Amino acid sequence: RKEVEQDPGPFNVPEGATVAFNCTYSNSASQSFFWYRQDCRKEPKLLMSVYSSGNEDGRFTAQLNRASQYISLLIRDSKLSDSATYLCVVTYSGGYQKVTFGIGTKLQVIP
Amino acid sequence: DGGITQSPKYLFRKEGQNVTLSCEQNLNHDAMYWYRQDPGQGLRLIYYSQIVNDFQKGDIAEGYSVSREKKESFPLTVTSAQKNPTAFYLCASSIVQGGEQFFGPGTRLTVL
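So the sequences go chain by chain: C and A.
Counting from 282, one number per residue, gives the positions in the first sequence under this note's numbering.
Counting from 251, one number per residue, gives the positions in the second sequence under this note's numbering.
No lab work stands behind these hints: they were computed from the structure.
These numbers come from a predicted model, not from an experiment.
Ideal Cβ placement from N, Cα and C applies to all residues, glycine included.
A portion of the hints provided could be inaccurate.
[Said to hold, decoys possible] No farther apart than 30 angstroms at their CA atoms in a straight line, the calculated lysine-lysine pairs in the DSSO-like style are these:
1) A:Lys307 x C:Lys379
2) A:Lys259 x A:Lys321
3) A:Lys320 x C:Lys283
4) C:Lys379 x A:Lys264
5) C:Lys283 x A:Lys264
6) C:Lys323 x A:Lys307
7) C:Lys326 x A:Lys321
8) A:Lys320 x C:Lys387
9) A:Lys307 x C:Lys326
10) C:Lys283 x A:Lys321
11) C:Lys323 x A:Lys264
12) A:Lys307 x A:Lys333
[Stated by the list, open to error] Computed from the model, here is a short list of chain A residues facing chain C with C-beta under 10 angstroms:
13) Glu265
14) Gly266
15) Gln347
16) Gln351
From just these sequences and the hints, can you work out the full model?
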């Protein structure tokens with residue numbers, strides 16, 4: 282089983298729709314979780330950290346479910362500009378802070 | 251403006267040549283990282299450094315070398331021993347190892 286798994290998609294959704302991505306992780310000792318956004322042929326950019334209590338930033342909501350070992354990203358009222366690949370990142374401490382990136386989920390918002 | 255710079259943006263080299271990719275940050279971050287990204291694949295860690303004069307191998311270090319003589323700089327050398335060097339190389343930094351990472355714009359290396 283991969284350390285971090287994401288559905289690569291693509292998810293094709295109409296403008297204004299709500300879309301959710303999940304990311305599962307295998308190491309129960311994982312400590313920190315992040316969502317990054319990567320546009321085509323560009324570098325990843327931090328979208329938001331994921332806190333145990335869940336957190337929201339405008340149209341974006343991130344949740345952590347430690348019991349089932351997954352994190353989620355919800356995007357409400359999708360915009361064309363949300364089209365990108367969304368990377369899940371998990372870190373855990375195993376003598377050093379190991380950082381693992383998921384393969385990413387591609388989102389295409391359609392007019 | 252604080253940030254991470256990588257140069258060059260595009261790099262072409264002949265097979266068998268070593269090449270060094272530059273990465274500089276002025277964020278005063280202790281930790282720096284090098285990743286490789288191939289089409290349709292996730293980021294794979296090549297090397298990381300938690301502090302000046304210290305660095306550790308990542309998951310795919312074979313055929314690569316790094317140095318960390320200054321806090322701001324973490325150059326990556328792609329040696330001729332790297333079997334398939336053509337890829338998108340990304341440098342990142344974080345305040346501490348395992349923290350939120352900030353990426354440079356990347357270098358696309360093509361070996362002919």
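Quick rundown of the hints versus the structure:
1. A:Lys307 x C:Lys379: Answer holds: Lys307 of chain A to Lys379 of chain C is near 12 angstroms, not above 30 angstroms.
2. A:Lys259 x A:Lys321: It holds: about 22 angstroms lies between the C-alpha atoms, which stays within 30 angstroms.
3. A:Lys320 x C:Lys283: With Cα atoms ~35 angstroms apart, Lys320 of chain A and Lys283 of chain C exceed 30 angstroms; violated.
4. C:Lys379 x A:Lys264: violated (34 angstroms)
5. C:Lys283 x A:Lys264: With Cα atoms ~35 angstroms apart, Lys283 of chain C and Lys264 of chain A exceed 30 angstroms; violated.
6. C:Lys323 x A:Lys307: Status holds; Cα separation ~25 angstroms.
7. C:Lys326 x A:Lys321: holds (22 angstroms)
8. A:Lys320 x C:Lys387: violated (37 angstroms)
9. A:Lys307 x C:Lys326: holds (24 angstroms)
10. C:Lys283 x A:Lys321: With Cα atoms ~33 angstroms apart, Lys283 of chain C and Lys321 of chain A exceed 30 angstroms; violated.
11. C:Lys323 x A:Lys264: holds (25 angstroms)
12. A:Lys307 x A:Lys333: The given pair, whose Cα atoms are some 17 angstroms apart, holds under the 30 angstroms limit.
13. Glu265: violated (24 angstroms)
14. Gly266: violated (27 angstroms)
15. Gln347: holds (4 angstroms)
16. Gln351: Cβ of Gln351 of chain A sits 7 angstroms from chain C, so the hint holds.
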